[in-house]
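Novice: Just so you know, the sequences run in chain order H and E. Residues in the first sequence are numbered consecutively from 5, following the numbering used here. Residues in the second sequence are numbered consecutively from 147, following the numbering used here.
No lab work stands behind these hints, which were simulated from the structure alone. By construction, the Cβ of each residue, glycine as well, lies at the ideal position given by its N, Cα and C atoms. Heads up, some of the hints might be wrong.
Unchecked claim - Among chain H residues calculated to face chain E with C-beta under 7 angstroms, some are: (1) Val-23; (2) Ile-25; (3) Leu-40; (4) Phe-44; (5) Pro-48; (6) Ser-51; (7) Leu-63; (8) Val-74; (9) Asp-79.
What the hints assert, rightly or not - Pairs of lysine to any residue residues, derived as SDA-like cross-links and limited to a Cα-Cα distance of at most 25 angstroms, are as follows: (10) Lys-82(H) <-> Arg-405(E); (11) Lys-729(E) <-> Ser-83(H); (12) Lys-199(E) <-> Asn-562(E); (13) Lys-82(H) <-> Glu-404(E); (14) Lys-199(E) <-> Lys-729(E); (15) Lys-642(E) <-> Lys-199(E); (16) Lys-642(E) <-> Leu-589(E); (17) Lys-82(H) <-> Ile-398(E); (18) Lys-642(E) <-> Glu-717(E); (19) Lys-15(H) <-> Leu-55(H); (20) Lys-82(H) <-> Ile-71(H); (21) Lys-82(H) <-> Leu-63(H); (22) Lys-729(E) <-> Gly-87(H); (23) Lys-213(E) <-> Trp-740(E); (24) Lys-199(E) <-> Ala-742(E); (25) Lys-199(E) <-> Val-221(E); (26) Lys-82(H) <-> Leu-288(E); (27) Lys-15(H) <-> Asn-562(E); (28) Lys-82(H) <-> Thr-403(E); (29) Lys-15(H) <-> Ile-25(H); (30) Lys-15(H) <-> Arg-88(H); (31) Lys-15(H) <-> Glu-93(H); (32) Lys-15(H) <-> Arg-405(E); (33) Lys-82(H) <-> Pro-734(E); (34) Lys-82(H) <-> Phe-552(E); (35) Lys-15(H) <-> Phe-552(E); (36) Lys-82(H) <-> Ser-407(E); (37) Lys-729(E) <-> Gly-633(E); (38) Lys-642(E) <-> Arg-744(E); (39) Lys-213(E) <-> Asp-294(E); (40) Lys-82(H) <-> Phe-402(E).
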Amino acid sequence: MIAMAERVFTKDTMLDLLVNIIPLGIMAFFIGLFVLWGPFSWDPLYSTLMLGIIGGSFLLLAILTYISAVAIEGDAIKSEEAGRAAHAEDESAVVDTAETNATDTPDETPDATGDDGTDERKDSPEEAV
Amino acid sequence: MGLSGELALTLLTGVLVLIVFALATRFDDWRTYTPLAGGGALGGETGYGHDEKPGGIVRWLTTVDHKDIGILYGVYAIVAFAWGGLAVMLMRFELATPAMDVLASVGGRAFYNQLLTSHGITMLFLFGTPILAAFSNYFIPLLIGADDMAFPRINAIAFWLLPPGAILIWAGFFLAPFFDGIAASMTSWTMYPPQAVAQTAAGQDAMSYEYAGRVIASSEIDTAALNAGTDLMLLGLHLTGVSATMGAINFIATIFTERGSDVGWDKLDIFSWTILTQSALILFSFPLLGSAIVMLLLDRNFATGFFAVEGGGTILYQHLFWFFGHPEVYILVLPPMGIISYVLPRFSGRKLFGFKFVVYSTLAIGVLSFGVWAHHMFASGIDPRLRAGFMAVSLAIAIPSAVKTFNWITTMWNGNIRLTTPMLFCIGFIANFIIGGVTGVFLAAVPVDLILHDTYYVVGHFHYVIMGAIAFAVFAGVYYWFPIVSGRMYQRTLGKAHFWTTMVGTNLTFFAMILLGYGGMPRRYATYNGVTAEGIIGYFTNLHVIATVGAFILLVGQIIWLVNMVQSWLEGPVVGPDPWNLKEDGLPSREFDWHADRIETTLADGGEPAEDEPMTDGGEPVDADDDAAGDE
């Protein structure tokens with residue numbers, strides 16, 4: 005898990021995650037502001053709720069950002085490795101599985117994300133039926 | 147022999163019939179839909195069936211095909227759009243003058259309030275959510291490489307809950323001529339108690355009564371005097387909530403489990419990401435609406451005290467409602483953002499800039515939307531510490547939306563922009579969304595909100611988002627995918643006319659509202675002739691006239707659109723496999739690949755080939771679109 009996290013959270017990924025880190029920063033700023041220099045007097049119920057709302061949103065966003073980053077970048081790493089493996093097999097002229105075949109001859113179906121130019125689409129068994 | 151002989155013959159005949167039936171099912175399904183889905187007589191798959199659909203109306207009543215259900219959602223939403231649009235046209239004509247005149251003969255202020263309520267609820271629940279479900283039903287399975295939705299029958303049920311929902315929501319209008327005690331609801335879309343708990347058909351308060359010429363407040367509700375139209379509306383709303391929840395579960399299951407083996411999370415397209423996030427929001431927020439509605443119904447009909455002042459209190463309702471209501475805003479805006487992120491790059495000649503920015507910011511919006519609900523309640527007297535907390539999160543949620551706007555602009559930057567109709571709507575979306583978004587950031591700040599709360603500024607702000615952005619994205623999607631759904635191309639000139647009338651109409655109407663709000667014009671009022679401040683009546687009247695003219699231009703634009711859609715669906719030129727020339731730019735998309743496959747299969751099946759090859763934006767050669775003066 006830790007090894008995976010290290011592979012996922014590279015500099016590029018952190019750059020992608022910046023869009024979520026900024027709102028996290030804004031919420032952290034307000035938590036700090038209200039704790040250190042609260043405009044209103046401390047009230048056990050309302051002050052806790054106030055910090056709870058900001059802190060809760062902060063936590064949930066941090067957790068979801070982590071989970072989604074692992075899911076997205078993890079899949080990206082996997083497909084990258086699969087592509088590399090297929091490429092290596094291609095070079096040694098070993099073509100033994102249907103999946104490899106499909107990877108070697110990508111059809112023109114796009115990468116729907118438009119994120120990068122690589123196209124590693126494989127014909128799914130469902131489509132073959 | 148007698149009886150036993152006859153019995154033996156009957157049995158023999160029965161066995162023969164069974165054998166023939168079993169043999170027949172071995173060769174083909176004798177009906178398109180068998181009660182035992184897919185199986186032959188011996189329980190095995192025959193490999194036949196489910197390819198053909200019954201003809202005529204039966205097809206539409208029995209379909210479980212995601213594409214058909216998508217079309218049903220679309221048609222339903224357009225009917226609702228027309229209803230909500232006509233309601234607001236009446237309101238706008240009334241508001242063109244300060245006094246009550248246009249609606250005076252049909253019910254006056256009470257009728258205005260009914261139109262207001264119906265417009266809001268219809269546009270949000272009967273148009274907004276279903277039109278997005280139309281896109282997602284049709285295209286999500288195609289985009290993720292699934293055969294259909296995970297639960298096709300639940301998909302059909304989710305749709306078929308909507309028409310009864312609409313009938314119940316509008317029932318007050320239909321029943322009012324026949325029953326004295328029933329009128330359309332006048333609660334506004336927020337349905338705040340105590341008004342929503344104690345309103346009569348005449349718009350009066352069922353908790354007060356007259357005694358010796360004086361109005362006496364009562365703690366008891368006279369339930370017999372309540373407007374049954376509101377009860378019917380609440381029940382209808384409940385049905386639409388159930389429908390949305392079922393749809394959401396279906397989309398989550400579909401996107402998680404039915405993705406093609408080649409579609410990892412990193413390869414999931416942006417529209418599917420927004421639908422996934424939207425579905426999660428629906429799943430966590432609509433149950434709140436459902437329970438609040440049930441409590442309202444109980445308070446109204448069974449004298450419970452959930453929202454009574456001496457019970458849970460009216461602010462409890464506002465918390466429950468807005469815990470649903472604010473995510474609802476993002477339920478409505480996230481998929482349109484997905485459509486824009488999907489369509490805009492295709493006509494910019496470039497891939498979406500910062501795809502992952504857009505994905506992560508979508509997820510961020512999804513989470514944070516649950517931490518901002520009380521910014522709708524800043525003026526309700528809640529504790530200032532609470533307001534400060536919600537203000538902080540409300541300011542934070544502006545960032546992910548701004549990031550998306552940045553990405554769309556950067557995608558267009560230095561791109562090879564083709565100003566087709568869907569692209570025009572995409573650009574219009576960005577322009578309007580910036581105004582809608584920036585006005586929203588102001589409202590997120592407590593001190594500004596306290597001044598502008600309940601004025602037309604708020605109305606202008608959210609209409610810039612709902613009409614200026616969400617509806618624009620819907621139109622972008624409609625034009626972009628029209629060739630797939632109908633197999634034909636729309637009329638280009640009418641499409642452009644639709645865009646410009648909608649763009650001009652939207653900005654005239656809603657910018658005037660922002661100025662009205664700065665002037666202090668309160669929202670939800672049928673008249674404003676009671677204003678006594680020097681000179682302000684003229685200011686209000688002029689801006690209201692501008693808003694009404696804008697609304698009229700919008701109406702004309704939507705009629706043009708409807709004519710274009712119907713005429714083109716029936717008679718438009720048949721399109722080829724790549725009507726947008728996407729492959730030229732190296733930006734093909736999965737659903738158009740499916741479209742091309744379908745055309746190829748049709749041809750192999752004996753269909754006639756299209757007369758002309760690919761047509762972009764109304765059948766004109768694609769190069770003409772690149773030309774700024776291309777309207778030859």
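Novice: Decide, hint by hint, whether the structure agrees.
Specialist: Structure-based check of each hint:
1. The interface hint given for Val-23(H) holds, since its Cβ lies 5 angstroms from the closest Cβ of chain E, which is under the 7 angstroms cut-off.
2. Taking 7 angstroms as the C-beta cut-off, the interface hint given for Ile-25(H) is violated, the closest approach to chain E being about 9 angstroms.
3. The interface hint given for Leu-40(H) is broken, as the beta carbon of that residue sits about 14 angstroms from the closest beta carbon of chain E, more than 7 angstroms.
4. The beta carbon of Phe-44(H) is positioned within 7 angstroms of a beta carbon in chain E (closest approach about 5 angstroms), and the interface hint is therefore held.
5. Taking 7 angstroms as the C-beta cut-off, the interface hint given for Pro-48(H) is violated, the closest approach to chain E being about 11 angstroms.
6. Against a cut-off of 7 angstroms between C-beta atoms, the interface hint on Ser-51(H) holds, since the closest Cβ of chain E lies about 5 angstroms away.
7. Here the hint on Leu-63(H) is broken, as its CB sits about 10 angstroms from the closest CB of chain E, past 7 angstroms.
8. Checking Val-74(H) against chain E by beta carbon gives a least distance of about 9 angstroms; that is not within 7 angstroms, so the hint is violated.
9. For Asp-79(H), the suggested interface contact is upheld, since its CB lies about 3 angstroms from the closest CB of chain E, less than 7 angstroms.
10. A C-alpha spacing of about 16 angstroms is found between Lys-82(H) and Arg-405(E), which places the hinted pair at or below 25 angstroms, so the restraint holds.
11. Simply put, Lys-729(E) and Ser-83(H) have alpha-carbon atoms about 24 angstroms apart, close enough for the 25 angstroms limit, and the pair holds.
12. The suggested pairing of Lys-199(E) with Asn-562(E) is violated, with an alpha-carbon distance near 42 angstroms, which exceeds 25 angstroms.
13. Between Lys-82(H) and Glu-404(E), the direct Cα distance comes to roughly 19 angstroms. Compliance with the 25 angstroms bound is thereby established for this hinted pair.
14. Distance hint between Lys-199(E) and Lys-729(E) is unfulfilled; the C-alpha atoms sit about 32 angstroms from each other, more than 25 angstroms.
15. This hinted pair does not check out: Lys-642(E) and Lys-199(E) have alpha carbons roughly 36 angstroms apart, beyond 25 angstroms.
16. For the suggested pair Lys-642(E) and Leu-589(E), the alpha carbons sit about 34 angstroms apart, so the restraint of at most 25 angstroms is broken.
17. Straight-line distance between C-alpha atoms of Lys-82(H) and Ile-398(E) comes to about 23 angstroms, which keeps the hinted pair within the 25 angstroms bound.
18. This hinted pair checks out: Lys-642(E) and Glu-717(E) have alpha carbons roughly 19 angstroms apart, not beyond 25 angstroms.
19. A threshold of 25 angstroms between alpha carbons decides the hint, and for Lys-15(H) with Leu-55(H) the separation of about 31 angstroms lies outside it, so the pair is violated.
20. With a CA separation close to 16 angstroms, the supplied pair Lys-82(H) and Ile-71(H) stays within the 25 angstroms bound.
21. With a C-alpha separation of about 28 angstroms, the suggested pair Lys-82(H) and Leu-63(H) falls outside the 25 angstroms cut-off, and the hint is violated.
22. At most 25 angstroms may separate the alpha-carbon atoms for a hinted pair to count; Lys-729(E) and Gly-87(H) meet this at roughly 23 angstroms.
23. In summary, the hint linking Lys-213(E) to Trp-740(E) is supported, as the alpha carbons are separated by about 13 angstroms, within the 25 angstroms threshold.
24. Only pairs whose Cα atoms come within 25 angstroms are accepted, and Lys-199(E) paired with Ala-742(E) is accepted, the gap being roughly 21 angstroms.
25. The straight-line distance between the Cα atoms of Lys-199(E) and Val-221(E) is roughly 19 angstroms, inside the 25 angstroms bound, and the hint therefore holds.
26. The suggested pairing of Lys-82(H) with Leu-288(E) holds, with an alpha-carbon distance near 24 angstroms, which does not exceed 25 angstroms.
27. For the suggested pair Lys-15(H) and Asn-562(E), the alpha carbons sit about 31 angstroms apart, so the restraint of at most 25 angstroms is broken.
28. As the CA atoms of Lys-82(H) and Thr-403(E) are separated by approximately 18 angstroms, the hinted pair is consistent with the 25 angstroms bound.
29. Between the alpha carbons of Lys-15(H) and Ile-25(H) the distance comes to roughly 14 angstroms, so the proposed pair stays at or under 25 angstroms and holds.
30. A hinted pair counts as satisfied when its Cα atoms are at most 25 angstroms apart, and Lys-15(H) with Arg-88(H) qualifies at roughly 22 angstroms.
31. The straight-line distance between the Cα atoms of Lys-15(H) and Glu-93(H) is roughly 30 angstroms, outside the 25 angstroms bound, and the hint therefore fails.
32. Distance hint between Lys-15(H) and Arg-405(E) is unfulfilled; the C-alpha atoms sit about 29 angstroms from each other, more than 25 angstroms.
33. Of the pairs offered as hints, the one joining Lys-82(H) and Pro-734(E) holds, with about 24 angstroms between alpha carbons and a cut-off of 25 angstroms not exceeded.
34. This hinted pair does not check out: Lys-82(H) and Phe-552(E) have alpha carbons roughly 30 angstroms apart, beyond 25 angstroms.
35. Distance restraint check for Lys-15(H) and Phe-552(E): the Cα-Cα separation of roughly 21 angstroms lies within the 25 angstroms cut-off, and the hinted pair is therefore satisfied.
36. Straight-line distance between C-alpha atoms of Lys-82(H) and Ser-407(E) comes to about 13 angstroms, which keeps the hinted pair within the 25 angstroms bound.
37. Distance check on the hinted pair: Lys-729(E) and Gly-633(E) sit about 18 angstroms apart at the alpha-carbon level, within 25 angstroms; holds.
38. Taking the CA atoms of Lys-642(E) and Arg-744(E), the gap is near 29 angstroms; set against the 25 angstroms cutoff, the hint is violated.
39. Taking the CA atoms of Lys-213(E) and Asp-294(E), the gap is about 9 angstroms. The hint holds against a cut of 25 angstroms.
40. For the hint linking Lys-82(H) to Phe-402(E), the alpha-carbon distance of about 17 angstroms falls within 25 angstroms, and the restraint holds.
Comparing the model with each earlier hint shows violations of hints 2, 3, 5, 7, 8, 12, 14, 15, 16, 19, 21, 27, 31, 32, 34 and 38; every other hint is respected.
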